[in-house]
Amino acid sequence: MIRRGGRVDYREILSESLSALAVNKMRTMLATLGIVIGIGSVIALISLGASSQKSIENQIQSLGANLLTVIPSGQNTGVVRGAMGGGTTLTTDDAKALSLANLPTVKLVSPEFSRRFQVIAGGNNTNTQITGVIPAYASVHKTTLSSGVFISDSDLTNMGKVAVLGPQTVSDLFGENSDPLGQSIRVNNQVLKVIGVSVAKGGTGFNNPDDAIYVPLSTAQKLLFGANYLSTIAVEAQSQEVMTEAQDAIGYFLLARHHLTDPSEADFTIFSQNDILNTAAQVTGTFTTLLGGIAAISLLVGGIGIMNIMLVTMTERTREIGLRKALGAKKSLITTQFLLEAVILTLAGGIVGMIVGVVISYILSLVLNTPFVVSPPSVLLAIGVSAVIGIIFGWYPARQASRLQPIEALRYE
Amino acid sequence: MISVSHLSKIYKNDSVETAALSDVSFEIKKGEFVAIMGPSGSGKSTLMHILGALDTPTSGDYVLDGQSVTKLSDDTLAQIRNKKIGFIFQAFNLLPRTSAVKNVMLPMVYAGIDRQERQEKAKKALIAVGLGDRMDYTPAQLSGGQQQRVAIARSLVNNPAIILADEPTGNIASAQADEIMKIFEKLNDTGHTIIMITHEPDIAAHAKRVITVKDGKIIGDKKRR
Chain S
42 MIRRGGRVDY REILSESLSA LAVNKMRTML ATLGIVIGIG SVIALISLGA
92 SSQKSIENQI QSLGANLLTV IPSGQNTGVV RGAMGGGTTL TTDDAKALSL
142 ANLPTVKLVS PEFSRRFQVI AGGNNTNTQI TGVIPAYASV HKTTLSSGVF
192 ISDSDLTNMG KVAVLGPQTV SDLFGENSDP LGQSIRVNNQ VLKVIGVSVA
242 KGGTGFNNPD DAIYVPLSTA QKLLFGANYL STIAVEAQSQ EVMTEAQDAI
292 GYFLLARHHL TDPSEADFTI FSQNDILNTA AQVTGTFTTL LGGIAAISLL
342 VGGIGIMNIM LVTMTERTRE IGLRKALGAK KSLITTQFLL EAVILTLAGG
392 IVGMIVGVVI SYILSLVLNT PFVVSPPSVL LAIGVSAVIG IIFGWYPARQ
442 ASRLQPIEAL RYE
Chain V
1022 MISVSHLSKI YKNDSVETAA LSDVSFEIKK GEFVAIMGPS GSGKSTLMHI
1072 LGALDTPTSG DYVLDGQSVT KLSDDTLAQI RNKKIGFIFQ AFNLLPRTSA
1122 VKNVMLPMVY AGIDRQERQE KAKKALIAVG LGDRMDYTPA QLSGGQQQRV
1172 AIARSLVNNP AIILADEPTG NIASAQADEI MKIFEKLNDT GHTIIMITHE
1222 PDIAAHAKRV ITVKDGKIIG DKKRR
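Chains S and V supply the protein sequences, listed in that same order.
Quick note: the first sequence uses the numbering used here, first residue 42, plus one each step.
Quick note: the second sequence uses the numbering used here, first residue 1022, plus one each step.
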């Protein structure tokens, strides 16, 4: 009877698989490239999505917590509705009344007037957002100072010619790492003294809190721009939980003040920070899924490439397979060997692709100035996925190889 | 050792049935050196495949080393080929780009023999066929005769019941063919059972018994010496 042998030495099978892959290096590399591109783009695009989401969240959150923003909207005049934010319907008196009303859900009220304007300091000039504020602004928007002081109540009552600058504006006007305290800037032919510099929050584009100038609200309205309305009333709610109630309370309060009864006629709009966050998360989420989906397609194509190569390999090695079977290799061993080759290909591609993906997302984060986010699960997932692709796309060729009849295979020329 | 009784193999091609072997019976005892002769198309290759457990007969029985080999699963047949049969092919069938010693080790990998024993046995077998100085050569670096000697070493390592050689000298220059036949004779002298398929009478002349096959039937069975 047949003596039962020991276990097959899988190290030997592995080393045979490796040397088989080494025979046709160019082909092996090209087959792997499909997986490298697939995994690389999945990782890069998902981390791009995650980092842009993070960047948007950071930016929105840096503008203040539990924040409600009231902006004027054009009144409905007949069928024409005025542009959002373009109205002049919110006044300092509205804000004052809102603050004095002591609504239980409202913590702080910050009336604001802002406009983009040209600012000159020495030989430099820049176009930036100038915001008229009251002292509560700093608390509502979580603005802290790296040096100097913020706008005070006395600045407000005296229409003080003072300004607090964002760090970006400082470097635009005075150069990097300079101390602008006590220096003068010119806005619309008025000279303002710099009394403070805010801490960087990180942000880009319009409404970048780092590229801003804060002046007393009275100074902005009367001295600089000659306006008697507000562009925004920012309200800090008592807590995250009462955001909706606060939104309603403010809405009804302002409707009453404006002698309006029907909410659809409201001449203002209230945004909650949550709304903005949710919308942003939804948009970036959809975007990430879309990008990930496109990358997944390239991964699928890479997998098919592996299958194709394995089928070619199988055909080329028909004689070898026949010989192995003649010498006593069982079906499962032939399957294992070919599957192993496919998995080595995809796993190598997965690891290289992962490195490429991380490097690309790092470069993207530098170029786009967004946080560099690579989640460990996505990396592990990529490696797992590449191994699974190897098994799925290597299975059919391996199975075909194991089913070859030894005589047919040996006869094959 | 080998007992073949009423062996038939019928190939069906569309609706045409071709009998490659019909009602073949013979016995081969341990230590014999048998040549199976016959022109091409005589059915000797089919016989060789069945004797090698590479194929199964349509009817009849084949008993190898006390075990019937007619109705077994692919994996069991693989195990029988691995343990009981040493194959030598006309085209050598060595793994390309693989050293002689690794080629010889292959049947032992499938037998589950551990690495150290594999290496020792493979080296011994290569020395026995006179290739002690060519162990790390790949088939491409060896002559036809040397390649066939590697194949002989490979056929011996699992200590098989029979050595099955299919036209072992068909691809080899005649001077080297004599060397191969000398190795066969030596193996037979040390007790190995050898079955050799050939169509060359001067090669068959090295065997002690010649079975002649024609049209799927045995037409001659002569013992020499």
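Source of the hints: derived by calculation from the structure; they are not laboratory data.
Treat the hints loosely; a few may be bogus.
[Said to hold, decoys possible] Result set (DMTMM-like, lysine to aspartate or glutamate): computed pairs, CA atoms no more than 25 Å apart in a straight line:
id	chain 1	residue 1	chain 2	residue 2
1	S	Lys372	V	Glu1221
2	S	Lys372	V	Asp1135
3	V	Lys1144	S	Glu57
4	S	Lys66	S	Glu306
Now the hints, each set against the structure:
1. Restraint check: the Cα-Cα separation between Lys372 of chain S and Glu1221 of chain V comes to about 36 Å, which exceeds 25 Å; the hinted pair is violated.
2. For the hint pairing Lys372 of chain S with Asp1135 of chain V, the CA-to-CA distance comes to about 21 Å; that is within 25 Å, so the pair holds.
3. At roughly 19 Å between alpha-carbon atoms, Lys1144 of chain V and Glu57 of chain S fall within 25 Å of each other, so this suggested pair holds.
4. For the suggested pair Lys66 of chain S and Glu306 of chain S, the alpha carbons sit about 73 Å apart, so the restraint of at most 25 Å is broken.
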